[in-house]
Amino acid sequence: MRELARSMASFSWTMSIFGVEQMTNLMAPRRAVSAFGAVTRKAEETLGPGLRAAFRTGDRLQQAMMDLSFSLVGLGPRKDAPGGPVAQAGNLGIEILQLGVDSASWVNGTAWRQQQGTQGWGPVPPPPEPGRPQ
Amino acid sequence: MTIPRDEIRRAGREASAGAPSDVDKIAGLTRELATAPCFPMVSAPGPAVSSQAVPLFPILRDQLLVALQVDAALHRFDGHRMGRVPSAQIHGRLTPIPDDFVPGPGLVPPPTLLNSFHSQRFALLDGRLSFHDRKASSLQVFGSGRTFPVTVDGRPALRLGAVIDVLSGAGDLAGLPGETFPGATVVLDGLLRPPDALRLHLVLRVLDPAGRLAVEEPLVPMEPSPVVPDPDTVTLSLLGEADPQRPVRLLSGPEGRPIGVQISENLRLVRFEDALGTSALLRSRTETGPLVGTRSSLLYCDFQSPGAVIPLQTTGGVFRLHDPAGRSLGSLHANLVEGRAFRAALPGIAAPVFRMGAFGPIKGGTGDLAGISGMVSFNAALSVFPRAFSNLYVLRLEDPAGKLRARLQASG
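Those protein sequences? They're chains A and B, same order as listed.
If you're matching positions, the first sequence starts at 1 in our numbering and goes up one per residue.
If you're matching positions, the second sequence starts at 1 in our numbering and goes up one per residue.
In short, the hints are calculated from the structure, not lab data.
Glycine residues also receive a C-beta, built at the ideal position from the N, C-alpha and C atoms.
Be a bit skeptical, because a hint or two may be false.
Incomplete in silico selection of chain B near chain A, CB under 7 Å [as the list claims (entries may be wrong)]: (1) Asp-99; (2) Gly-104; (3) Leu-107; (4) Ser-144; (5) Val-228; (6) Pro-231; (7) Tyr-300; (8) Gly-307.
Each computed SDA-like pair below joins lysine to any residue, with the alpha-carbon atoms no more than 25 Å apart [stated by the list, open to error]: (9) B/Lys-363 - A/Lys-42; (10) A/Lys-42 - B/Asp-100; (11) B/Lys-363 - A/Pro-85.
Taking CB as the label site, the calculated pair distances span [to be verified]: (12) B/Leu-291 - A/Ala-35: 26 to 34 Å; (13) B/Arg-257 - A/Glu-21: 26 to 34 Å; (14) B/Leu-291 - A/Thr-110: 53 to 61 Å; (15) A/Ser-16 - B/Thr-366: 44 to 52 Å; (16) B/Ala-350 - A/Glu-21: 46 to 54 Å; (17) A/Asn-108 - B/Thr-315: 37 to 45 Å.
Build out the structure end to end from the sequences listed, making use of the hints.
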């Protein structure tokens with residue numbers, strides 16, 4: 001019990017300091033993006049398969065809403081481009097429907113039973129730091 | 001199989017020493033990889049492509065699709081025209097999959113809605129490629145790819161790219177993968193106008209160390225169809241070969257572990273003939289043309305991964321193209337955003353050879369190629385030790401006004 005309380009306190013303190021660090025990174029948004037991304041990925045790795053699927057769906061939905069919001073205030077691609085406001089509204093609609101499909105599979109338990117296939121056919125990881133030629 | 005680190009250091013020293021035996025071995029291996037038989041194919045436009053959209057619920061008909069059942073006739077493709085008669089048939093189920101899903105043969109992915117507005121991954125399930133040759137050769141295949149949303153005629157459409165591995169073969173391809181044919185890769189690119197208007201281009205490349213499918217003498221010329229399958233697209237097939245001035249270099253990670261290679265290569269025009277449509281034989285001939293450019297990129301692939309399938313990608317990919325007389329056409333920026341490498345064992349080569357397939361969208365260009373969009377697909381074989389490779393790039397360049405085609409014809 002004591003260990004749990006201690007680790008929760010460490011977590012809260014880490015999050016506070018992390019927030020301060022990212023406030024200072026606002027002048028270098030790429031660094032902040034990278035830091036938030038790294039923490040998000042690590043947190044996601046601790047989730048079980050069912051909750052991970054729920055997390056992914058919610059995350060995509062949030063991102064679709066964010067993209068649409070930016071497009072509507074003129075900060076997205078041009079209107080007729082594949083990523084314009086119309087496409088982003090369409091994307092948001094599909095993501096909302098996908099949330100319904102995922103919720104159904106979460107409720108009936110198939111999300112938890114989902115098998116994974118052959119290693120190597122998964123998503124391509126982001127490129128590593130620039131390499132050093134030999 | 002993991003390559004021992006000592007072997008990497010030793011091989012690296014030997015490669016840099018450039019002993020004559022290594023030079024011969026590299027030249028022989030390069031020839032062997034470069035003449036791997038290739039079969040470029042295209043689906044015919046119109047009713048010959050019989051693909052069927054699969055909705056989430058049957059009542060939805062063409063809405064909320066979760067798959068596309070593909071059953072398309074394929075014709076030989078020479079870069080502009082296609083053969084009059086079909087030479088193969090592809091069957092399979094293209095199924096969108098979640099971004100973090102790891103697909104596999106026979107594995108049903110969670111229901112995922114096809115999204116015409118966002119790039120998505122997909123898997124090709126229950127894939128089969130059947131050839132119309134005398135031995136009724138066929139391949140069981142499995143692969144995965146990605147969609148790229150585009151606008152065509154004012155409507156959302158999806159460009160497709162996929163890497164497909166051959167699981168087994170029959171007829172003239174029996175025993176694949178094995179000693180006779182250590183492996184074969186199919187790279188697919190296409191265009192899907194939902195719900196089910198599908199255009200596919202495929203390139204099958206087979207490792208054939210015994211030379212069972214490769215021929216050197218000219219084959220009976222293709223009888224072309226009056227239908228041009230892609231009148232608004234210029235297709236360039238380019239074979240990458242080592243640039244003697246800039247040898248392939250290994251890229252190391254923070255702990256000295258190889259994480260990829262830096263490749264600078266010269267690009268040569270290449271065309272492939274096959275005897276499927278004319279003699280009903282599964283035979284291929286490779287004919288290389290003049291040098292027409294260079295490509296440089298960093299190819300990231302964990303060659304030491306113990307897995308049979310290894311993800312790959314490139315960064316900093318640039319094609320610099322010129323005409324046969326050396327006059328610059330401009331450059332194209334295109335990375336292979338998603339690819340896979342597969343281990344293969346070639347006779348006489350101790351370390352594994354890697355078959356590779358990948359694809360990516362063209363992200364702009366300069367000179368005569370400014371504003372060009374399209375796709376690049378990559379079907380290659382690479383040996384890390386000794387360092388030798390044969391990289392086949394197929395550039396599919398959108399050219400609705402015909403300007404690029406006219407420029408290329410004018411320059412020969």
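Going through the hints against the structure:
no. : hint                              : result
1   : Asp-99                            : 6 Å, holds
2   : Gly-104                           : 2 Å, holds
3   : Leu-107                           : 4 Å, holds
4   : Ser-144                           : 5 Å, holds
5   : Val-228                           : 26 Å, violated
6   : Pro-231                           : 23 Å, violated
7   : Tyr-300                           : 5 Å, holds
8   : Gly-307                           : 4 Å, holds
9   : B/Lys-363 - A/Lys-42              : 31 Å, violated
10  : A/Lys-42 - B/Asp-100              : 14 Å, holds
11  : B/Lys-363 - A/Pro-85              : 21 Å, holds
12  : B/Leu-291 - A/Ala-35: 26 to 34 Å  : 46 Å, violated
13  : B/Arg-257 - A/Glu-21: 26 to 34 Å  : 30 Å, holds
14  : B/Leu-291 - A/Thr-110: 53 to 61 Å : 54 Å, holds
15  : A/Ser-16 - B/Thr-366: 44 to 52 Å  : 48 Å, holds
16  : B/Ala-350 - A/Glu-21: 46 to 54 Å  : 50 Å, holds
17  : A/Asn-108 - B/Thr-315: 37 to 45 Å : 42 Å, holds
In the structure shown, a violation is registered for the earlier hints numbered 5, 6, 9, 12, in ascending order.
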